[in-house]
Amino acid sequence: MTHYVFKLFITGRSPHADTALANLKHVCDTLLDDECSITVVDVDKDPEQAEIDQILATPTLVKEYPLPQRRIIGDLSDIEKVKKALGLGY
Numbered sequence: 000m001t002h003y004v005f006k007l008f009i010t011g012r013s014p015h016a017d018t019a020l021a022n023l024k025h026v027c028d029t030l031l032d033d034e035c036s037i038t039v040v041d042v043d044k045d046p047e048q049a050e051i052d053q054i055l056a057t058p059t060l061v062k063e064y065p066l067p068q069r070r071i072i073g074d075l076s077d078i079e080k081v082k083k084a085l086g087l088g089y
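For the sequence shown, the residue numbers in numbering that gives the first Met the number 0 are 0 to 89.
Hints listed in this document are in silico derivations from the structure and should not be mistaken for laboratory results.
Just so you know, not all the hints are guaranteed correct.
[Stated by the list, open to error] Simulated crosslink set (DSBU-like; lysine-lysine; CA at most 35 Å straight-line):
hint : residue 1 : residue 2
1    : K82       : K24
2    : K6        : K82
3    : K24       : K44
4    : K6        : K83
5    : K44       : K83
6    : K44       : K80
Take the sequences, apply the hints, and build the full model.
Encoded structure:
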């Protein structure tokens with residue numbers, strides 16, 4: 000199975016950030032058989048990384064691998080939208 004690499008950009012510890020991370024972990028566990036790596040970037044603590052990745056809003060999820068790179072903004076609560084936006088094709 001393909002190993003997915005995700006980067007989740009958040010702004011501090013907030014309900015939206017916590018929900019986005021929990022929903023991403025759910026996607027990894029249930030749809031990707033836990034074949035994923037998640038890096039969480041707090042843009043308050045690492046604004047340079049947010050600038051490099053051109054992050055304009057949080058939470059933003061970036062699927063870095065497999066290509067093509069995909070992005071989705073929000074708390075990832077709509078699983079069907081997440082699957083479509085990330086090109087998971089289920």
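Hint check:
1. K82 x K24: 13 Å, holds
2. K6 x K82: 16 Å, holds
3. K24 x K44: 22 Å, holds
4. K6 x K83: 17 Å, holds
5. K44 x K83: Holds, at about 30 Å.
6. K44 x K80: Holds: K44 and K80 sit about 29 Å apart, inside 35 Å.
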